[in-house]
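Asker: Here's the letter readout for the chains.
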Amino acid sequence: MRLEPIANPSLARTILPPVIAIATTVVVASLLAMLAGANPFAVLGLILKGAFGSKFAVLETLNRATPLIFTGLSVAVAFRARLWNIGAEAQLYAGALITVVLGTGALPWGAGALLPTLVLAAMLAGAVVLLVPALLKVRFGVDEVVTTLLFNFIFLLFVSMLLEGPLKDPMGMGWPKSERLIAEARLPRMMEGLRLHWGFGLAIISAALVWVIQRRTTLGYEMRAVGLNRDAARFAGIAVNGVLIRTALLSGGLAALAGFSEVAGVKGSLTLDLSPGFGYTGIIVAMLALLNPLAVVAAALFVAGIFVGADSMSRAVGVPTYLADIMLATALLLMVLAILLTRFRVVRE
Amino acid sequence: MTGAEAAQVVLRLDRITKTFGKLVANDAVSLSLHRGEVIALLGENGAGKTTLMNILFGQYTADSGAVEVFGKALPPGNPRAALDAGVGMVHQHFTLADNMTVLENVALGTVPLWQPRLDPAAVRARITKLADDFRLAVDPEARVGTLTVGERQRVEILKALYREAKILILDEPTAVLTPQETDDLFATLRKAVALGLSIVFISHKLHEVMDISDRVVILRHGRLVAEMATRDTDRHALAAAMVGAEVNAPKVSPATPGAALLQLRDVSTPDQGNAPGLKRATLDLRAGQITGLAGVSGNGQAALADLIGGLTAPDAGQLDLDGVGLAQWSPRIAVQSGIARIPEDRHKTGTIADFTLTENAILESYHKPPMSRRGWMNWARAEAATQEIIERYDVRCPGPETRIRLLSGGNMQKLILGRVLEAAPRIILANQPVRGLDIGAVNYVHSQLLAARARGAAVLLISEDLDEIMALSDVIHVISEGRLSPEFARGSMTPAELGVWMAGHGFERDEVAHAS
Amino acid sequence: MDMLDILLSASFWAAAIRIASPLIFATLGELICERAGVLNLGIEGIMVAGAFAGWMAVYSGTGLWTGVMVAMVVGMAFGLIHSVLTVPFGLSQHVVGLGVTLLATSSTYYAYRLALPEVTSPPKITAFQPFEIPVLSDIPLIGPALFAQTPMTYLAFVLVAVVSVVLYRTPLGLALRAAGENPAAVAAQGLSVTGIRMGAVIVGSGFMAMGGAFLTMSAFDSFFFEMVNGRGWICIALVVFGAWKPGKALLGAVLFAAFDALQIRVQQTPLGADIPYQIFLMTPYVLSILALIVMSRRAEVPGALMVPFNKGER
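Protein chains in written order, with numbering that gives the first Met the number 0: chain A, 0 to 348; chain B, 0 to 515; chain C, 0 to 313.
What the hints contain is simulated information worked out from the structure, not anything from laboratory work.
The reader is advised that the hints may include incorrect statements.
Stated by the list, open to error - To spell it out: a stretch of chain C is covered by chain A in this simulated footprint if at least three of its residues, at any positions, have a beta carbon under 8 Å from a beta carbon of chain A; those stretches are:
| hint | segment |
| --- | --- |
| 1 | 222 to 233 |
| 2 | 259 to 271 |
As the list claims (entries may be wrong) - Taking CB as the label site, the calculated pair distances span:
| hint | chain 1 | residue 1 | chain 2 | residue 2 | range |
| --- | --- | --- | --- | --- | --- |
| 3 | A | 51 | B | 375 | 35 to 43 Å |
| 4 | A | 12 | B | 373 | 35 to 43 Å |
| 5 | A | 119 | B | 405 | 43 to 51 Å |
| 6 | B | 163 | C | 168 | 22 to 30 Å |
| 7 | B | 76 | A | 342 | 18 to 26 Å |
| 8 | B | 435 | C | 168 | 35 to 43 Å |
Unchecked claim - Derived DMTMM-like pairs (lysine to aspartate or glutamate); straight-line CA-CA distance at most 20 Å:
| hint | chain 1 | residue 1 | chain 2 | residue 2 |
| --- | --- | --- | --- | --- |
| 9 | A | 167 | C | 131 |
| 10 | B | 21 | A | 3 |
| 11 | B | 71 | B | 13 |
For every residue, glycine included, the Cβ atom is placed at its ideal position computed from N, Cα and C.
Next comes chain A alone, as it looks inside the complex (with noise of 0.2 Å):
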């Protein structure tokens, strides 16, 4: 079997493949639910209702995908460098943990003034949290997708012994929770009487401000070239190291607002299940969208969507919530296959 690049590639090609991941995505989904003895169409039905269906589902997933398209465009930034940051779940945390740290009353400031330093701080947490281990991989040729993977679970246990320690909430009844933010580090809400804060807004600006970055800038264009081709770019004098510096301080920086978000325009402190993977899933939200900044709050919105409406499914009709989880990694891994074969034939030799 051979692959052959196909130079001009027909409607049909560019579009089936695509098409025909997300239909075999549904189609594994529907043979689950009825393994789970529920009806498929009834499930798939309820994911979409619940997704989309009401003022307060539509809500719900915008909400959830504050987060994800942070940690997506945090994915989607470092990818494209090839960096490979699986640990925007720990940058996540230390975004979270800034906000925390300064905003529950260290600094005695009006929102104009503090929701801004709060953004900053948490960015450069989470910079400096991507920075080790890519000083590792330019200085040690250390591969960072190990890193970045252990490093979130190091972090985790950092987080919980602060909560457990320092930054535990004396009123907190004695669980691992920090204090609760002051007024004016709570991010507002978008309109009055809806249920949707600021984080979504930021999130929005962010995915406009990374396109231009990565469309209109040298360093993006420099992000590219390193990303595609190292040898070449660094052949042609662009600072390589420079460039996956540079791209970890604002994939990290990205990853970390998403802490950020969730703390101020959510929960309002900090414990230790704030993200129920966010960093993970913000891989899979990078891929959907191929790597392309706009399309990521697409995939965010999908993304949200389907874990919004399998958890109204699995209360309606007790099908477990995993299967939103199957249905995506399922889509990740066809998605892929289906974008390889938009752009190259298969021959038989």
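Chain A is already provided as a structure; the job is to place chains B and C on it using the hints.
Answerer: Quick look at chains B and C alone, frame taken from chain A:
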């Protein structure tokens, strides 16, 4: 060999046709090989020689046509069947695992995978016997990564002989050899023929074809255009048949060299794994002159190219531009100082395959005006500049927004040329600039280099092809294990004499002479 | 108990060997994949799947060794998914690996919830019991440590020897190593790179699943979520630490497990009581990163690791 034996057809290719997308690589090619015969398969780059042999060897399947080995049909697309039938191939790019020993490389695949044991002693004994019979000195326990290019080729040949190949195919085997190593190879081939093997020898080097072959088969644009006995022809006829017209190599008129624009004085750089660094190299690149660097691949050419290209700095010694030493050195500073670099491998370091032509064209200039201003890209300007390059350098492509991976090698090289020549550089570093290109592109690149020379640029031409070096250079240095020979003026050395230096001899006399 | 007492006690080393066992299986599995040129990031998920599959088989009534086989087959199935996407199609080994980990983990949790919907605490099976090898287990210190383990641990050690022999003395091992060094060399000798690489990933994934099964059928006797807890990622570091050689990988696994066993015991000392337990839990992961830094001179990396082989690429 009796007349009957000699006439036996050991290999027959019958109307082989193969297309890749829209490209017709082989068009109904038929040829026969007789026992004990040496056929030269001649043609320029892209004529379809390697494709044809890959089909024979089973790495591709022909669209139509058949292959017969010793009278029996060969199942297509099955390298195993080809090997079992007695076909052995010595590839142009060696198929060896550097981290494994010679013995392991030769034994690979020769015992069925389900068998539990590999008998190293038996393998070793057989290798030693074959090495003696065919005059291929090699150490079975050596790690392939430590061998020279010539030694690696011997391992490739041994692999085929170990599998009892009766038909030996060699794909451009002399591209990386010194003249003496070429003589040794031909001695081995003659020995093989005497022992009953038949040979297909792929080459584009006419004097070698005349030397070793009994018959010549010429391919052009995928079609077999001529077939003749070697004794009935000569180099000019072959060249004409290869290209289909009179070959018009650019004429090299004598030149008057100017000042030294770039100078190396006793420069040394560190080794990089198996690739040697420079060892006290001294070199002058003069304006209006082409300096050729001859040498077997892997002898320090990369170190010199990386140095002049700005990727490394000297550990010891001096690198001067216009007589002035350099405080800092980097690829960008090199470009800024007027050095144009044509990299050795256009796929690996010269271009980014999935970038558009525009994005590739600005790789060295994107960071300053007019391509960008304070971090902000000006794509309109970039595209316009690329369009100019496309027109001026005859880059055949659908447009500047095409992905460069869709272009042919020759057009990619033209874009690279345009990218570096547009800045009117004073020094040009051309590293294997015509490797893998068809004759039209080769002549184009050479004429561009000669035009630059006429304009007063200093050109450093690094090439494994001694013919190219001797045709174009005003002065020649030989590089061996990182050491540079003294300068030889055009016409003062024969290929054999240069070959002596390429093999590393001559440097000792030189060092002794310097010491005394 | 002070440090020296701990290090000289047989029970410490017995614990170290026991902790090392799942790591040995999984590290061997990853080593086989990487030696052939494929990075398998599905290891974490495959261990989870193996842990559940083996346990579930026994819970449903099969024998223990049948359970191990079931786990192995499940692992091989995920290995098949991984290798189809990464070998003939040449898709990104990073992305496919992470996708397989997610798929394996989520299908496992889904299956668990379907099979045991109403349990609050995980049900138990009768796991492998320690089997004392006569005579050998009476040797002081080494005896109880090495020769009073469960049968699966013995299997792990045997597999290290088997993989070593196959890799270095058989034609198959030669072909596998060559596929990881230069697949073009393999193809030129008439062998199928695709077949060899896919075979390696499938077999390696089977080993990984057995490593997971050890957790539920030998170390413990029930399956619970978050049980693998990053061991798969640690094994990837251990492959690098062991320079892709089975013997060294075994040593690395035991060394690592010894540190892990040590931190558990130190926690109980007076000194240990003052340090937050999270620091102790961090040590395995920190050690893995240090191991990677130490081995960062990568002269022994298989030459074609993570490079897909495109037959006749023009």
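Asker: The structure should be examined with respect to each hint, and the outcome stated for every one.
Answerer: Against the structure, the hints come out as follows:
| no. | hint | verdict |
| --- | --- | --- |
| 1 | 222 to 233 | holds (count 4) |
| 2 | 259 to 271 | violated (count 0) |
| 3 | A:51 / B:375: 35 to 43 Å | holds, 39 Å |
| 4 | A:12 / B:373: 35 to 43 Å | holds, 41 Å |
| 5 | A:119 / B:405: 43 to 51 Å | holds, 44 Å |
| 6 | B:163 / C:168: 22 to 30 Å | holds, 25 Å |
| 7 | B:76 / A:342: 18 to 26 Å | holds, 24 Å |
| 8 | B:435 / C:168: 35 to 43 Å | holds, 40 Å |
| 9 | A:167 / C:131 | violated, 49 Å |
| 10 | B:21 / A:3 | holds, 12 Å |
| 11 | B:71 / B:13 | holds, 13 Å |
Of the numbered hints given earlier, the model fails hints 2 and 9; all others are met.
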